[in-house]
Amino acid sequence: MNRNPYLRPITSEWIFRHPRYLRYMVREFSCLFIGGWTLLMVWGLKQLAEGPAAWAAFLELLRSPASIVFHLLALAFAIYHSVTWFNLTPKALPLQVGEGFVPDWVIAGAHYAAWVVVSSCVLILGGAL
Amino acid sequence: MARSNKPLVWGPFAAGGTLTAFLTPVLVALTLLAALGHPPEVLGYERLSALGHHPLFKFALAGVIGLSLWSAAHRLRITAYDLGVRADALVAAVLYSATLACTGVAVYYLLKL
Numbered sequence: 001m002n003r004n005p006y007l008r009p010i011t012s013e014w015i016f017r018h019p020r021y022l023r024y025m026v027r028e029f030s031c032l033f034i035g036g037w038t039l040l041m042v043w044g045l046k047q048l049a050e051g052p053a054a055w056a057a058f059l060e061l062l063r064s065p066a067s068i069v070f071h072l073l074a075l076a077f078a079i080y081h082s083v084t085w086f087n088l089t090p091k092a093l094p095l096q097v098g099e100g101f102v103p104d105w106v107i108a109g110a111h112y113a114a115w116v117v118v119s120s121c122v123l124i125l126g127g128a129l
Numbered sequence: 001m002a003r004s005n006k007p008l009v010w011g012p013f014a015a016g017g018t019l020t021a022f023l024t025p026v027l028v029a030l031t032l033l034a035a036l037g038h039p040p041e042v043l044g045y046e047r048l049s050a051l052g053h054h055p056l057f058k059f060a061l062a063g064v065i066g067l068s069l070w071s072a073a074h075r076l077r078i079t080a081y082d083l084g085v086r087a088d089a090l091v092a093a094v095l096y097s098a099t100l101a102c103t104g105v106a107v108y109y110l111l112k113l
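Protein sequence lines correspond, in order, to chains A and U.
Last residue of the first sequence? That's 129 in the working numbering, and every number before it is there in order.
Last residue of the second sequence? That's 113 in the working numbering, and every number before it is there in order.
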């Protein structure tokens, strides 16, 4: 038995070794914003269940400067997650038709198109437009 | 064949990742409008609580919250490992239980609506 096994040092500096690694980490950090915003919505649900006054207090909380900054960051990270996710769909869902495969851009494009439709529907039904 | 719980944790991650890709940006946009002082109609108390009485809405919202949290928790687990945290079993246990607890809280308040 080796009494002095080599232990590779575990660090996180590798992130900065290549722009690709940094982009990967930015994508992974989107989970903090998506998860954080979802938790904020769970809090909102509690306020909604407690009645109009509690809900008004929640809307007031949303108007704080910290909330505005958080929302802007969350929106940017959420969009980055969507873009990276849809760009991967041709790899995750390759479609074979006959001998060949449906081109990547068709699969990713279909997801982007659906994204636009879903987002527009939510904005219209939500009364934001 | 070796047993693995990978499909069990990865399935909800993929489902949640897809759901958040389609829905989170536009939903964040709705609350951003509220943050900027222009809440869209759907965030008015009457409108939203009326929606909240609908069983289908409760079910859909519980699904969106649960899967979004799960995919975020799973990604955070992988990120923790990438950043050098090697206590993966502990990280996984904490994050997945927190996800289930928060989803439970959401379901509780959805049922109270």
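Keep in mind that the hints are not guaranteed to be accurate.
Dumping the calculated SDA-like pairs for lysine to any residue here, alpha-carbon to alpha-carbon at most 25 Å [claimed, not checked]:
{"no.": "1", "chain 1": "U", "residue 1": "Lys58", "chain 2": "A", "residue 2": "Ala108"}
{"no.": "2", "chain 1": "A", "residue 1": "Lys46", "chain 2": "U", "residue 2": "Ser97"}
{"no.": "3", "chain 1": "A", "residue 1": "Lys91", "chain 2": "A", "residue 2": "Ala108"}
{"no.": "4", "chain 1": "U", "residue 1": "Lys112", "chain 2": "U", "residue 2": "Thr79"}
{"no.": "5", "chain 1": "U", "residue 1": "Lys112", "chain 2": "A", "residue 2": "Leu59"}
{"no.": "6", "chain 1": "U", "residue 1": "Lys6", "chain 2": "U", "residue 2": "Leu113"}
Treat the hints as calculated values from the structure; they're not laboratory data.
As the structure is a computational prediction, the values presented were derived from the model and not from experiment.
Checked hints:
Under the criterion of a C-alpha separation no larger than 25 Å, the hint pairing lysine 58(U) with alanine 108(A) is inconsistent with the structure, at around 31 Å. A threshold of 25 Å between alpha carbons decides the hint, and for lysine 46(A) with serine 97(U) the separation of about 20 Å falls inside it, so the pair holds. With a C-alpha separation of about 10 Å, the suggested pair lysine 91(A) and alanine 108(A) falls inside the 25 Å cut-off, and the hint holds. Restraint check: the Cα-Cα separation between lysine 112(U) and threonine 79(U) comes to about 35 Å, which exceeds 25 Å; the hinted pair is violated.
For the given pair, lysine 112(U) sits about 20 Å from leucine 59(A) by alpha-carbon distance, which is consistent with the 25 Å threshold. For a cut-off of 25 Å, the pair hint linking lysine 6(U) to leucine 113(U) is broken: about 35 Å separates their Cα positions.
The structure fails to meet hints 1, 4 and 6 from the earlier list, while all remaining hints are met.
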